[in-house]
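K.L.:
These are the residues of each chain, in order.
Protein chains: 2
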Amino acid sequence: MNARIFVGDTRFDAIAAGDRGVAYGDGLFETMRACRGNVPWWDAHWSRLQRGAQQLRMTLPEAAQVREEAAQLLSGADAVLKLIVTRGAGGRGYAPDTDATPTWILSQHSLPAESPGDGIAARWCETRLALQPALAGIKHCNRLEQVLARAEWDDTAMRDRDALEGLMRSTEGDVVGATAANLFVLRDGRWLTPRIDRCGVAGVCRAWVLGELGASEVRLGVTEVETAEAVFLCNAVRGILPVARLGGCTWPLHPQVSALRERLAAAHPGFVINLAANNPETT
Amino acid sequence: MNARIFVGDTRFDAIAAGDRGVAYGDGLFETMRACRGNVPWWDAHWSRLQRGAQQLRMTLPEAAQVREEAAQLLSGADAVLKLIVTRGAGGRGYAPDTDATPTWILSQHSLPAESPGDGIAARWCETRLALQPALAGIKHCNRLEQVLARAEWDDTAMRDRDALEGLMRSTEGDVVGATAANLFVLRDGRWLTPRIDRCGVAGVCRAWVLGELGASEVRLGVTEVETAEAVFLCNAVRGILPVARLGGCTWPLHPQVSALRERLAAAHPGFVINLAANNPETT
Chain A
1 MNARIFVGDT RFDAIAAGDR GVAYGDGLFE TMRACRGNVP WWDAHWSRLQ
51 RGAQQLRMTL PEAAQVREEA AQLLSGADAV LKLIVTRGAG GRGYAPDTDA
101 TPTWILSQHS LPAESPGDGI AARWCETRLA LQPALAGIKH CNRLEQVLAR
151 AEWDDTAMRD RDALEGLMRS TEGDVVGATA ANLFVLRDGR WLTPRIDRCG
201 VAGVCRAWVL GELGASEVRL GVTEVETAEA VFLCNAVRGI LPVARLGGCT
251 WPLHPQVSAL RERLAAAHPG FVINLAANNP ETT
Chain B
1 MNARIFVGDT RFDAIAAGDR GVAYGDGLFE TMRACRGNVP WWDAHWSRLQ
51 RGAQQLRMTL PEAAQVREEA AQLLSGADAV LKLIVTRGAG GRGYAPDTDA
101 TPTWILSQHS LPAESPGDGI AARWCETRLA LQPALAGIKH CNRLEQVLAR
151 AEWDDTAMRD RDALEGLMRS TEGDVVGATA ANLFVLRDGR WLTPRIDRCG
201 VAGVCRAWVL GELGASEVRL GVTEVETAEA VFLCNAVRGI LPVARLGGCT
251 WPLHPQVSAL RERLAAAHPG FVINLAANNP ETT
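One line per chain: the protein sequences are A and B, in this order. Per my numbering, the first sequence starts with residue 1, numbered consecutively. Per my numbering, the second sequence starts with residue 1, numbered consecutively.
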């Protein structure tokens, strides 16, 4: 993993023992798709980071420096760029230091393998998401629920071995999204996506899709997902992921989902790559 | 801060950029009171860590090495000893690596200032605790709720400026405990403490108190706390903290709380220091 670590504007080799990121998950992150060294959705990611920082009353590093360091790290690559910002060092105890200097970590990762163009397999997770309006929407670093959910299955287990993602419900039973993606379903000609006012993440790709589809934010139950005409997941790294199978349910690729994927490829150059997977000759 | 960092059995100078502790708060911690370099409740802390590791399916470092390093770090001091164990490095993505080597951080901190012997001031926090049975009881590193709650007041704000602790309710309104301590109340001659099956931490001092008082674990409302005959908080660093004031309610020091504090001092040599604060001549 290629990474750079900073405290304020100064580069360090590693993270300090007293960092509140390690102690309490007291931080925020963004996972971005870079195309030839650029991050087309940079502004949307930075805006979400700002909303998170406001909610957690955290200081962010200087935007221009983060962007410049990201460009240097990427040096023209097609890659995943991850940015973590923690509240910084703060000794022992929950009370945050309002003057703390943030720690930030940029890391570059390989793009994920192409997923099947006609859709992915997904599963239902047993781990539920707790209702916490004070943290809903933002991409904070308290992610044990997602870690537990993702640990429910792996590539080697016979059951669900081909599942790329798992759908999560809240502790009250409503469907919130996947472990690392947002969810959209088509019902009666309307696109719907779960509200994220009590838990879940306001995905950057989700925001783009909401605008494109004029989708409605609603509470969705399991049956409403399973009986939908089409289902897809989305995130800012993988783009649009049609769901072909979910437990015992199957869906053919819906023309509206194909069309949306083409619009995304036109809007964000990084996602052209994903479309190649639709063509059997290139896979 | 005096600290030592390890990955598996090897010492490092700092924490790696890819550590899952920083990325997701994917870890556990213990905060212990050391008395002349010993940790009298070491076994209870280690047992809770083991329960947490089982719940999160994490590997722990070798107990003997941790204890030996802790003793070296403390070198006979009266201090607070903090141990963080993370799942280790794991790249990008929520899926935990079952073979990950844990990162662990030992740090030594000053003992907190003595609190008034006749009781502390506390306040009600606005930040609520989400109901998450999958994480309840264990001392994991997803602590943004506590950080937000503790940030509600500080020593310089006029309102609540003398509050040492804040009581937290769940999102359903039941009282769970303080930001960094468990809660006990006396009602109709019975000692009660909140259940921690949906949120909250199974404190090491709480377990000792439960045994000493034969207390019952119940759901408690705000009114049941405010109309109690006596209220105290406890944790493994500060011991028994009688509550003298909570919002508009006040309590004189209850003889049963004084007696419990004396029993704790007899059971755990570190807490003898706290008793000195009862004596006005020494404060």
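Honestly, I wouldn't trust all of these hints.
Far from chain A, some chain B residues (derived; all Cβ distances over 10 Å) [stated by the list, open to error]: (1) P40; (2) S75; (3) R219.
Interface residues of chain A toward chain B, partial, derived using beta-carbon atoms under 8 Å [said to hold, decoys possible]: (4) A17; (5) D19; (6) V22; (7) S107; (8) L111; (9) A113; (10) Q132; (11) T179; (12) C249.
No lab work stands behind these hints, which were simulated from the structure alone. Quick reminder that beta carbons are idealized off the backbone N, C-alpha and C, glycines included.
K.L.:
Under 8 Å is the threshold here; is the Cβ of A113(A) close enough to any Cβ of chain B for the hint to stand?
P.N.:
12 Å, violated
K.L.:
Hey, does the S107(A) contact hint survive, CB to chain B under 8 Å?
P.N.:
6 Å, holds
K.L.:
Just to be careful: measuring from the Cβ of C249(A) to every Cβ in chain B, is the smallest value less than 8 Å?
P.N.:
Check failed: Cβ of C249(A) comes no nearer than 24 Å to chain B, outside 8 Å.
K.L.:
Quick check on D19(A) please, does its C-beta sit within 8 Å of some C-beta on chain B?
P.N.:
7 Å, holds
K.L.:
Regarding the hint that A17(A) lies at the interface with chain B, is the smallest CB-CB distance below 8 Å?
P.N.:
4 Å, holds
K.L.:
Less than 8 Å between beta-carbons is the criterion; does T179(A) satisfy it with respect to chain B?
P.N.:
Holds. Min distance 5 Å.
K.L.:
Holds or violated: is the Cβ of P40(B) farther than 10 Å from all Cβ atoms of chain A?
P.N.:
Check passes; 19 Å lies beyond 10 Å.
K.L.:
If I take the minimum Cβ distance from S75(B) to any residue of chain A, is it greater than 10 Å?
P.N.:
The assertion about S75(B) holds, with a minimum of 18 Å to chain A.
K.L.:
With 8 Å as the cut and Cβ atoms as the points, is L111(A) at the interface with chain B?
P.N.:
The hint is violated - L111(A) has no Cβ within 8 Å of chain B, the shortest such distance being about 11 Å.
K.L.:
Taking C-beta pairs only, is R219(B) more than 10 Å away from all of chain A?
P.N.:
Label holds. Min Cβ-Cβ 17 Å, cutoff 10 Å.
K.L.:
Min Cβ distance, Q132(A) to chain B: is it shorter than 8 Å?
P.N.:
Holds: closest Cβ of chain B sits about 4 Å from Q132(A), inside 8 Å.
K.L.:
Is the interface hint for V22(A) satisfied, with its Cβ closer than 8 Å to some Cβ of chain B?
P.N.:
Hint holds; V22(A) Cβ to chain B Cβ min 4 Å, cut 8 Å.
The earlier numbered hints that this structure contradicts are 8, 9 and 12.
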